[in-house]
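*Asks:* Numbering-wise, the sequence shown is residues 1 to 704 according to the working numbering.
For the record, the hints were derived by calculation from the structure and aren't laboratory data.
Mixed in with the good hints there might be a few duds.
Unchecked claim - As a list, the in silico SDA-like pairs of lysine to any residue whose alpha-carbon atoms are at most 20 Å apart:
hint : residue 1 : residue 2
1    : Lys639    : Thr674
2    : Lys665    : Gln605
3    : Lys572    : Asp640
4    : Lys172    : Asp557
5    : Lys7      : Glu33
6    : Lys256    : Trp144
7    : Lys665    : Asp602
8    : Lys665    : Gly635
9    : Lys256    : Ala91
10   : Lys408    : Ala429
11   : Lys172    : Ser244
12   : Lys198    : Glu176
13   : Lys256    : Asp150
14   : Lys256    : Gly149
15   : Lys126    : Glu176
16   : Lys572    : Asp626
17   : Lys126    : Lys256
18   : Lys689    : Thr674
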Amino acid sequence: MKTLPGKPYPLGATWDGSGVNFALASENATGVELCLFGGDDGNQPQACIPLPEHTGFVWHAYVPGIRPGQRYGYRVHGPYDLANGHRFNPAKLLLDPYAKAIDRPINWNDALFGYTIGSSEEDSHKDDRDSAPFAPKSVVIDPWFDWEGDRRLSVPWEDTIIYELHTRGMTKLHPELPEEIRGTYAGLVHPAVIDHLKRLGITAVELMPVHHFVADRNLVEKGLTNYWGYNSIGYFAPDVRYSSSGTLCQQVSEFKSMVKEFHRAGIEVILDVVYNHTAEGNQLGPTLSFRGIDNAIYYRLAEDNRFYVDYTGCGNSLNMRHPRTLQLIMDSLRYWINEMHVDGFRFDLAAALARELHEVDRLSAFFDIIQQDPVISRVKLIAEPWDVGEGGYQVGNFPPLWSEWNGKYRDCVRDYWRGAEQTLNEFAARLTGSSDLYAWSGRRPYASINFVTAHDGFTLNDLVSYNDKRNEANGEENRDGESNNRSWNCGVEGPIDDPEINALRARQKRNFIATLMFSQGVPMMLGGDEIGGTQRGNNNAYCQDNEISWTQWDQADADLLEFARTAIEFRKRHRNFSRRRFFQGRPIRGNQVSDIGWFKPDGNQMSDDDWNGGFAKSIGVYLNGDAIPGVDSRGESVKDDSFYLLFNAHHEAMDFILPEGPWGKRFESVFDTTRHESGRPRAMSAGSKVRVEARSVAVLRRLE
C-alpha cells in the first residue's frame with residue numbers, strides 16, 4: 001500500500017477524511033510494522049507496512065484510503081534482552097496504546113506469550129508463534145459525534161451524591177429493559193434506570209472500570225472472569241463487552257450517547273480508572289501491548305531487569321517516572337474529558353501513581369502535571385489513597401484538588417454500629433468531615449468521600465447479615481477477600497426467617513444510610529444497596545459475572561428504597577449536612593452558641609475527659625444552622641434549620657435530655673430510623689426526655 005511519512009503527533013490512529021496517520025512511541029525499538037486486518041472475523045491479514053519514519057522516538061506513517069472501522073495492530077522489532085529489560089518480539093501483534101476502540105476480548109492461547117510456555121528457562125526463550133489470530137485488534141474510529149450542546153455539569157462538590165455501579169451488573173436483570181441492551185452502556189440510560197437514579201436523588205454515577213480490560217487466563221480456565229475490570233489494556237477505548245451496537249467503533253458512539261443522556265438527566269459521569277498497572281502481569285504474563293512496544297520505559301523494573309516492581313498486587317506497576325508513560329496517562333485523561341465529556345475520575349490504588357523512587361511522594365511528577373493542567377485540574381479527582389506496597393496507606397495525604405475514598409470513615413462507622421470498642425473521638429471526627437485528615441492541607445470537607453460499602457467487600461445487606469465471608473464460589477477455598485470485615489450479623493449468620501433479627505438488620509441498614517447522609521463530606525452509595533442487594537456473603541465478587549453480583553431488581557426492598565430516598569432528599573434540602581467548610585467549634589457571625597455542640601445523654605456538654613474516657617455508644621450533636629460560614633451563589637449568607645442529632649448504638653433504649661439554655665427552647669422530631677417514616681412531628685421542650693430506641697438515630701429540628 002502507498003504510504004506517506006505522516007506526522008509524529010498526535011499519537012495513535014487519526015483519521016482526517018482521506019486517510020489515517022499512525023504514530024507509535026518506542027525509544028528502544030529497531031523497527032515497527034503496521035499490520036492491517038479485515039475479513040468477517042477480523043483476522044484476515046491485509047497488509048503489513050513498515051513505518052518509514054521515526055521522529056523523537058515516535059514511529060509514524062500516513063496511509064491514504066484507510067477509513068474508520070479498519071482493524072490494525074503493530075509488530076515491534078528490537079532485542080529480546082531480559083538483562084536490560086527488553087522483551088521485543090515481532091511475532092506478537094500488539095494493541096496500540098492510543099487505540100480509541102478495540103474490537104474484541106482476548107482469545108487465550110499460548111501464542112499470546114512472548115516466551116515459550118513450559119520452557120525450562122521460563123521466560124528466557126523467545127516464542128516465535130504468531131499471536132495475531134488470538135489477539136484483539138485496534139480499530140480506527142470516526143471521532144465525529146453530535147453532542148447537541150452537551151457539556152460537563154460541574155455539580156459543586158458539596159452538592160454531590162455518588163452512586164458506584166457496574167455497567168453490566170446494574171442492568172443485566174432489570175425487568176423493564178429490552179434484552180438486547182441489558183448489561184450495556186445503552187441499558188444504563190434506559191428511562192427506567194434514569195428514573196430510578198433521579199428519584200433516589202443521585203447526582204453522579206461512578207462507573208467501575210470501562211477502559212478495555214482483559215479477563216485473566218487462570219479465571220477463564222476455571223469458568224470465571226474478571227468481572228470488576230481492574231485489569232486495563234486500553235486506556236482510550238470503552239470496553240467492547242458493554243456495547244449493544246457493534247464492535248467497530250460503534251461502542252465509542254454508544255458511550256458518548258450514554259454520557260449525553262446522563263447529563264440530560266442532571267447526572268454526572270465519573271470513571272473508575274486503573275493507571276497503576278496493566279493486564280500484562282508479571283514477567284510470565286502475556287505480550288499484548290506495552291511489554292512488546294517498549295517494556296523498559298512503560299514499566300517499573302526491579303534491580304534485576306527481568307522482574308517488575310509490584311506496588312499493586314497485580315504483577316507490574318506502570319513507570320510513572322518516565323515522561324512517555326506520564327504523557328500516555330495525561331493524554332488519556334484529557335481524551336475522556338474533551339472527547340467523551342466525562343465529569344471526573346476515581347483513581348484505583350492511587351498511591352502507586354505517586355511513587356517516584358519508592359516512597360509515596362505528594363510532590364511527584366504525576367501530581368505536578370495534574371495540578372497545572374488546564375483541563376484535568378477542573379474535573380472531579382478522587383483517589384483510592386492506598387496501594388499494597390510498603391507505606392502505601394495514604395488516607396489524608398493527597399494534595400489539594402483531590403478528594404479521597406475515606407477508608408477511615410468506613411471502618412469507624414462500621415465499628416460504631418456493630419458495637420466495637422472505640423472512643424467517640426473518631427466517630428465525631430468522621431461525622432464532621434474528617435478535618436484531622438484534610439484541613440491541614442487546605443482542603444474542605446468534600447475532600448472526604450464517605451462510604452460504608454463499595455464494590456470491594458460486603459454489600460450493605462451482607463454487612464448486617466454475615467460475620468464471615470462466603471467466597472467459595474471464587475475457587476480459592478475461601479482464602480481470598482478481606483477477613484476483617486467489621487461486620488455484625490445481628491446474632492445469626494446469613495438469611496433467616498426470624499422477624500426480630502430481620503427487623504434489627506433493617507434498622508441497622510437504615511442507621512448506616514442515615515449516618516452516611518448526615519455526615520459532612522461527599523456520600524457514596526454502592527449500587528443496589530438501596531434495594532437490599534446481596535452477594536450471599538461473598539465479599540470479593542471480582543470474578544462473578546452472574547446473579548451473585550448483578551443487581552436483583554425483582555427482590556427489591558421497597559421500604560429500604562423509600563427510606564434511602566427520604567434520607568437523601570433530607571440531606572439535599574438542608575445545607576447544614578453539606579457544609580463547604582469545617583466546623584470551628586465556636587460562635588460564628590455573632591451567634592450566642594457555637595456552630596456545633598456535643599452532648600452526653602444527660603444533656604451536659606462533652607468534656608475532655610468524656611472524649612478520652614474510653615468506650616461509649618451514645619452521643620448527641622447540635623448543628624447550628626445560623627452559623628454556617630460563607631455565602632451562596634448570590635452572595636447571601638447561608639442559613640438553615642438547626643438540628644439535634646441523637647445517635648444510640650447501645651443495645652438498649654436510651655433517654656436523652658434535651659440541652660437547655662441558648663441551644664433552643666423547643667424542638668420537634670423529624671427523622672427516626674426506628675420507623676420507615678418519621679410520622680407527624682412531635683414537639684418537645686428543652687430539658688425534657690427523648691426516648692431513643694436501641695441502635696437507632698433520631699433527628700430533631702429546633703423550633704425556637
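*Asks:* Does each hint hold? Answer for all of them.
*Replies:* Hints, verified against the model:
1. At most 20 Å may separate the alpha-carbon atoms for a hinted pair to count; Lys639 and Thr674 exceed this at roughly 29 Å.
2. For the given pair, Lys665 sits about 17 Å from Gln605 by alpha-carbon distance, which is consistent with the 20 Å threshold.
3. Distance restraint check for Lys572 and Asp640: the Cα-Cα separation of roughly 12 Å lies within the 20 Å cut-off, and the hinted pair is therefore satisfied.
4. Between Lys172 and Asp557, the direct Cα distance comes to roughly 18 Å. Compliance with the 20 Å bound is thereby established for this hinted pair.
5. A hinted pair counts as satisfied when its Cα atoms are at most 20 Å apart, and Lys7 with Glu33 qualifies at roughly 16 Å.
6. Note on Lys256 and Trp144: the hinted pairing holds, with a Cα-Cα distance of about 11 Å set against a maximum of 20 Å.
7. Distance hint between Lys665 and Asp602 is fulfilled; the C-alpha atoms sit about 17 Å from each other, no more than 20 Å.
8. For the hint linking Lys665 to Gly635, the alpha-carbon distance of about 31 Å lies beyond 20 Å, and the restraint is violated.
9. In summary, the hint linking Lys256 to Ala91 is not supported, as the alpha carbons are separated by about 35 Å, beyond the 20 Å threshold.
10. A hinted pair counts as satisfied when its Cα atoms are at most 20 Å apart, and Lys408 with Ala429 qualifies at roughly 10 Å.
11. Among the hinted pairs, Lys172 with Ser244 is consistent with the structure: their alpha-carbon atoms are about 12 Å apart, no more than 20 Å.
12. Proximity of Lys198 to Glu176 is assessed by CA-CA distance (about 16 Å); at most 20 Å being required, the pair is judged to hold.
13. The hinted pair formed by Lys256 and Asp150 meets the criterion: a straight-line CA distance of about 10 Å does not exceed 20 Å.
14. Proximity of Lys256 to Gly149 is assessed by CA-CA distance (about 13 Å); at most 20 Å being required, the pair is judged to hold.
15. Proximity of Lys126 to Glu176 is assessed by CA-CA distance (about 52 Å); at most 20 Å being required, the pair is judged violated.
16. Pair hint Lys572 plus Asp626 holds up; C-alpha atoms about 17 Å apart against a cutoff of 20 Å.
17. Proximity of Lys126 to Lys256 is assessed by CA-CA distance (about 41 Å); at most 20 Å being required, the pair is judged violated.
18. Straight-line distance between C-alpha atoms of Lys689 and Thr674 comes to about 17 Å, which keeps the hinted pair within the 20 Å bound.
Hints 1, 8, 9, 15 and 17 from the earlier list are contradicted by this structure; the remaining hints agree with it.
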